Every structure is written in C-alpha cells, then in structure tokens.
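Protein sequences, first through last, are from chains A and B.
For the first sequence, numbering that gives the first Met the number 0 gives the first residue as 0, with consecutive numbering after it.
For the second sequence, numbering that gives the first Met the number 0 gives the first residue as 0, with consecutive numbering after it.
It should be emphasised that the hints constitute simulated quantities derived from the structure, not laboratory data.
Don't take every hint at face value.
Partner residues aside, some chain B positions facing chain A, computed with beta carbon under 8 Å [as the list claims (entries may be wrong)]:
1) Phe75
2) Pro93
3) Gly94
4) Pro95
5) Asp103
6) Pro108
7) Trp109
8) Tyr118
9) Arg122
10) Gly152
11) Asn170
12) Phe258
The model shown is predicted, which means the values in this text are computed figures rather than measured ones.
The beta carbon of each residue, even a glycine, is placed where N, CA and C say it ideally should be.
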Amino acid sequence: MTTLAPPAIERRTTSTPHVVPATAVRRGRGRTRRILLALPIPLAILALWWIAVRQQWQLPFGIDMRFLSDPLTVAQTWIGLAVGTGSDALSGSLWRHTAASALRVLNGFLLAAAVAIPLGILMGRLRVIRELLDSTIGILRPIPVTAWAPLSLLLIGYGDRSTIFLVFLAAFFPILLNTIAGAHAVPPRLLEAAQMLGVDRLRVLVDVVLPSAMPSITSGLRVALGLSWVVLVVGETVGITTGLGALITQARDMSRTDVIIAGMLTIGVAGLLSDALLRRALSTVTRGRPGLT
Amino acid sequence: MTTTLESRPVPASSSTTSAPGAAISVRGVEMRFPGKDSDVLALSGLDLHIEAGQFVSIVGASSCGKSTLLRLLAGFETATDGVIELGGVPVRGPGPDRGVVFQDYGLFPWRTSMENVAYGPRRNGMSRKEARAVAGDALALVGLETAAGRFPGQLSGGMQQRVAIARALANRPSVLLMDEPFGALDAMTRSSLQEELTRIHRETGTTTVFITHSVEEAVNLSDRVIVMAGGAGSGLCGHVIADIDIELPRPRDINATEFNRYERAISGLIHGDES
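Looking at chain A on its own, in the form it has when it is part of the complex:
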C-alpha cells in the first residue's frame, strides 16, 4: 500500500497582534454615570423630608411630622456634635461616642469570629461534632439578642462587657452558619487530592477546607458586622454613658430628634466605613489569590 503525498496547500498569514492597547474613552464615562445615578433618590428624600416637616404632614401609622427636625437643623446639629460648635452639653462629643461604640463592635465581632470560624470548620467537616451541637445551636439561634439583654445586664452588669457580649451573640451565628456551609461545600476532589498527597486530617482542615470556605466565611463576616452595629444600640440603651446608642437614648430623654437622627446617620456611616475596612482587611489577607473571595 503506497502512501500518498499530502496535497499542496498555501498557508495564509497575518501580522495583526492578538492583544492590542485599549481605547481610552470608555473609563471616564462610567464614573460620571455612577455619580449621576447615586444622587436623585437621596436628594428626593431630603426634599420630601423638608417639605413634610414644614407642611406638618400626617403620615400613615400616626406619624406626625411636626415633631421631627428638618434636614437643615439635623445637619447643623450633626456638625455641632462633631466639631463642638453647638451650644449644648452634647456638642463636640461625637468622636468620643463613635470611638466607644466602634471599640465595642470590634471586640464583640473579633471574639465572635475567633470562636465561630474554627467551630464552623469543625462542624462542617466532622459529623460527630455537628450532631453534638446542632440541637443546642438550633435552639439558641432564634433567640433575639434583645431578649438576651436583660439577662446580660443582670449577670454581667452594666458597662462595656455586657454590650460586647451582646455584639458577640449577634455576630456569632451568621459567621458560624456561613462557615459551616462553606466547609460543607468543599469540592470532594480537593480533599481526595490532599489525602493522596499524604496530608493528615487536621492539616487538611487548615490547608484545604479553610481556603475553600473563605467566600462563604467572608459573606458571614460582612453580615455579622452589619448586625453588630444593629445590636450595639440595643446594648447601649441602659446604664452606659458613652456610645452612639447612649447618645441616642440621652437625646430621646431630651426629645432632641435632631440629635437622634444625627446619631442614627453616624451609625450608618460608621457601619459603611467598617464594612469597607473589613473588605480591605480581607483582601489583604487573600493577597490576590483566586478562589478565596
């Protein structure tokens, strides 16, 4: 059997490269668009708020807008609280209160993470541990942190530690549940690969399960941080003199809605900033490695 010679074929070529410089126009347009879209709704809310107070609107649920301060007053008060230009005792105290609250959130949150992450990894991978703890956690989880507050005050007493304990409780469950879910969902192939390479069971938890569960853990941490701020105010309503929750409570006793709103907005900003900080911290930890976020 003879082999035939291949047919004569002319090979065509090109010299246009595969990767070319990007056109510059696209980038600037995106940012302008985002700013323009971010403005209308907040501005509309401020406008409606102003009108509602001035016109003394009566809203559903029996809300009487007469008793609310208008946006301008709130803004003035807020600035006064921050830089001390106001005439009352609360003026200039914003930083002190914010710092006190932030410290409590930090402590409670970090403590919750330190306990919930290792526990979640163990519960997610070791059936015995999960079965031991499932029912206990199942009963504790639905109890709202506000229900813990009286007990916490009685047992721990007034002050920082009680509040930190409440923040811990609020942050603990989201971190735990998300960690368990992440640990549970590790691709079995990665575990087999680790076993094949001769890695012992404990080491696998740290080297394979933890990184693989990081996206879930990150979700849990961010949710928990948000809840920490929510709960903080509850914890600061009784027997605490510094803190944004305490500020709001004092303002309530004085019927100062402008201070209340300023306090609420400060909490909102603090929450936003702490979330940004958390994301920055996490991205530093993951150092650009894929599969961790």
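Assemble the complex: chain A is given as a structure, and chain B must be docked to it using the hints.
Using the frame of chain A, we list chain B on its own:
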C-alpha cells in the same frame, strides 16, 4: 536516563515503599456496595499483577469497574474482600506513594503551580527550600517551569493537567494512577500530552495504571492493555475479559497497520460485550 528529579532526596512519607516503580498485586478482590434490597457487586474475584515500571491501561465500557479498581489501588476505597499490595505491602488508605491524576485535575485554585506541586513534599517533611527545588524539577519534567508562578485558573486545561502530573510525581511515587486524565481535553492537547507522558514514563520508570475510554490512547501509551467488562446493564460484576501485551516498538505510530490491528481487536472485545 535519570532526571534531576531522581537525584533529589525523597520525601519521607508515612506509607510504604519509596522506590519509583513498584509491583502491584491484586488478589481475589471484591468490591461490594451495600444497597437497600440488594448489594451491588462492582468487582468480584479480581486478580491482577502489574510488574514494576510497567505502563498498563485499563479499558472497557462505562461502569465496568475500572474506576472502582483505580480508587481501590489509590486507597480511596477499601476492598470488601481480597488483597491489594504494593511492592508486597498491603495498601491502607491514600498516600503519596500512589500518586493520582484526576480527570478534573483537582489543583488547589488558591495556590500557584509551584505551590501546588511543592505542597506534597512540604507536608511530607521537606524544608521549604528543598520542596521548592523538587517542585521546580517536577515542573521542568512536564515542561512548565515558566508557569510556576501562575494560578490554575490562568492555565489551559492541558497545562493544568501537566501541573497535576508534576504534583503527583514530585513525591516520587511508586505508582502513578491516572483516571481518564486526558478525557476533558481537546484532541490536539490530548495527543501532545500522550507524547509527554510517554517521555515522562521513559524517564522516571514509574509503574503507571492508566484508565481511558480511548482504545487508540491505550494502545499508544501502554506496555499492556487490560480489557474489563460488566457492571450496570450487563448483569455481571466487573471482571477482566482480556489482558494484552502490546508488542510494538516505541515511538508508536498510530497509523501503522499493526497498531490498527491491536485497536480493532480491543475495540471488538469491548463492543462485543456491549451487544
């Protein structure tokens, strides 16, 4: 011809022999999966002996038990009866002496190629410096020194599989177990990786068990092809129906008449069983 990989210290592993290329002995192996009303007998009375350094392919229709056999050799499953020995020592659980290459690679996405390959040696007692050196040699063996700093997600399927092969080889395994490693790759990549694997096997002399659906691939790569049949649909448990020595010179010519005769004979055995 010895590679630099072979002149490096061997990672101290907890399992058995450390000489690359050990003999595999399978005697009377049964694999029974318990069910509700009836058990599934994936394998029964299986006997197999693979010489040190041999490249053996296992082919057969789907679910004939070839992957089950590989998993038993790897130690991911334990046989319900019978003996599996590596170099005379019974297999107990997975370990670096039996490197496994999976069809879906199984690389750690958050580790670079270098870190993936160095991970085994590191965990088995080597210092970071030694592990990196061994990993570098293993990557060189598969031709990927330049991709050492890249993450699996940045590599093509063929490159990822080469990293996976390097990862297994970095631990100087006695046996290399490959479960349809090129199944997820395109034909061109597959063919070039087959060439690479032939070269690697020649250079390291590691006993290799290779599972594939492609008869051409099996005849191309192996010293010996084992044909299995049975499993779901056939009514019989998984068993060996033929054991063929491929007496063709290397490098193999897939267009040669002799090659095609082996191919047709083996395909005939597989499809004869399927009818």
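Status of each hint after checking the structure:
| no. | hint | result |
| --- | --- | --- |
| 1 | Phe75 | holds (6 Å) |
| 2 | Pro93 | holds (4 Å) |
| 3 | Gly94 | holds (5 Å) |
| 4 | Pro95 | holds (4 Å) |
| 5 | Asp103 | holds (6 Å) |
| 6 | Pro108 | holds (3 Å) |
| 7 | Trp109 | holds (4 Å) |
| 8 | Tyr118 | holds (6 Å) |
| 9 | Arg122 | holds (5 Å) |
| 10 | Gly152 | holds (5 Å) |
| 11 | Asn170 | holds (7 Å) |
| 12 | Phe258 | violated (14 Å) |
Violated hint: 12 only; the structure is consistent with all others.
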